[in-house]
Amino acid sequence: NAGVTQTPKFQVLKTGQSMTLQCAQDMNHEYMSWYRQDPGMGLRLIHYSVGAGITDQGEVPNGYNVSRSTTEDFPLRLLSAAPSQTSVYFCASRPTGRRNEQYFGPGTRLTVT
Amino acid sequence: AQSVTQPDIHITVSEGASLELRCNYSYGATPYLFWYVQSPGQGLQLLLKYFSGDTLVQGIKGFEAEFKRSQSSFNLRKPSVHWSDAAEYFCAVGLNTGTASKLTFGTGTRLQVTL
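If you read the protein sequences in the order shown, they are chains S and B. For the first sequence, the residue numbers in this note's numbering are 12 to 124. For the second sequence, the residue numbers in this note's numbering are -6 to 108.
Don't read these hints as lab results, they were simulated from the structure. Hints should not be assumed to be uniformly reliable.
What the hints assert, rightly or not - Here are the computed lysine-lysine pairs in the DSS-like style, where the Cα-Cα straight-line distance is at most 30 Å:
no.	chain 1	residue 1	chain 2	residue 2
1	B	Lys61	B	Lys42
2	B	Lys95	S	Lys20
3	B	Lys42	B	Lys95
4	S	Lys20	B	Lys54
5	B	Lys61	B	Lys95
6	B	Lys54	B	Lys42
7	B	Lys42	S	Lys20
8	B	Lys95	B	Lys54
What the hints assert, rightly or not - Cβ-Cβ distance ranges computed for the label pairs, FRET-style:
no.	chain 1	residue 1	chain 2	residue 2	range
9	B	Glu57	S	Gln28	41 to 49 Å
10	B	Leu39	S	Gln28	33 to 41 Å
11	S	Arg120	B	Ser63	36 to 44 Å
As the list claims (entries may be wrong) - Chain B stretches covered by chain S per the calculated footprint, using a threshold of three residues with CB under 8 Å from any CB of chain S:
no.	stretch
12	35 to 49
13	98 to 106
Backbone N, C-alpha and C fix where the C-beta goes; we use that ideal spot for every residue, glycine too.
Kindly generate the complete structure, drawing on both the sequences and the hints.
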């Protein structure tokens, strides 16, 4: 098992550019989520999904889109990057029936200039 | 809404000394509680979790935590710290019902270990 994988590890964008952060898991987990981590603020939930075709907003969803067409993949899209989106992004997944024990990917460090 | 407070931003301990990291939560029902550790440049790794039952839970790497309902606390402890324990530690609380399964994290405590 590769667990939760994220690509890319690092990315630099200019303001206004768009991009997609990739997240995949090979553990057949139903629940997947995206967090952003900023200094002094812990991790904040952006979007989550309880299964293929079902997504919902978290605490800080503005500026981000998600979709879940398969159980394995949960990409995060930045439509028009802003400097405020400079952060480290973590994807996580959780097995069905074991509430809240989430497994995290290694993260993507995004800088928007 | 639930919330988590980690009052110590940064703690320094000597190798071999004992450690206690504080975590207080605010939640109306019995919470699910977690401690995660993050080494520099890495993702988060689950140390231990509390769902119900015995209030003293054991985790990996020699860590333990005690759930105290009366104090709304879930402090993390280790009797003897190793230099490799230097990392950032996050306490988190999860919803107890439904399938949304959202976690709320504290702001983290950075642990420095001196030799």
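Here's how the hints hold up against the structure:
At most 30 Å may separate the alpha-carbon atoms for a hinted pair to count; lysine 61 of chain B and lysine 42 of chain B meet this at roughly 14 Å. With a C-alpha separation of about 25 Å, the suggested pair lysine 95 of chain B and lysine 20 of chain S falls inside the 30 Å cut-off, and the hint holds. Between lysine 42 of chain B and lysine 95 of chain B, the direct Cα distance comes to roughly 15 Å. Compliance with the 30 Å bound is thereby established for this hinted pair. Taken as a hint, the lysine 20 of chain S and lysine 54 of chain B pair is honoured in the structure, with Cα atoms around 27 Å apart against an allowance of 30 Å.
Annotation: proposed proximity of lysine 61 of chain B to lysine 95 of chain B holds, straight-line Cα distance about 22 Å (limit 30 Å). A C-alpha spacing of about 14 Å is found between lysine 54 of chain B and lysine 42 of chain B, which places the hinted pair at or below 30 Å, so the restraint holds. About 28 Å separates the Cα atoms of lysine 42 of chain B and lysine 20 of chain S, which keeps this hinted pair within 30 Å; it holds. Our distance criterion of 30 Å between C-alpha atoms is met by lysine 95 of chain B and lysine 54 of chain B, whose separation comes to about 26 Å.
A C-beta distance of roughly 46 Å is found between glutamate 57 of chain B and glutamine 28 of chain S, which places it inside the suggested range of 41 to 49 Å. Restraint check, leucine 39 of chain B to glutamine 28 of chain S: a C-beta distance of roughly 35 Å satisfies the suggested window 33 to 41 Å. Arginine 120 of chain S and serine 63 of chain B have their C-beta atoms about 41 Å apart, which keeps the hinted 36 to 44 Å range intact. Chain S is given as covering the stretch 35 to 49 of chain B, and this holds because 7 residues of the stretch bring a CB closer than 8 Å to a CB of that chain, at least three being needed.
For the stretch 98 to 106 of chain B, the stated coverage by chain S is satisfied: 4 residues place a CB nearer than 8 Å to a CB of that chain, which reaches the threshold of 3.
Checked against the numbered hints above, the structure breaks none of them.
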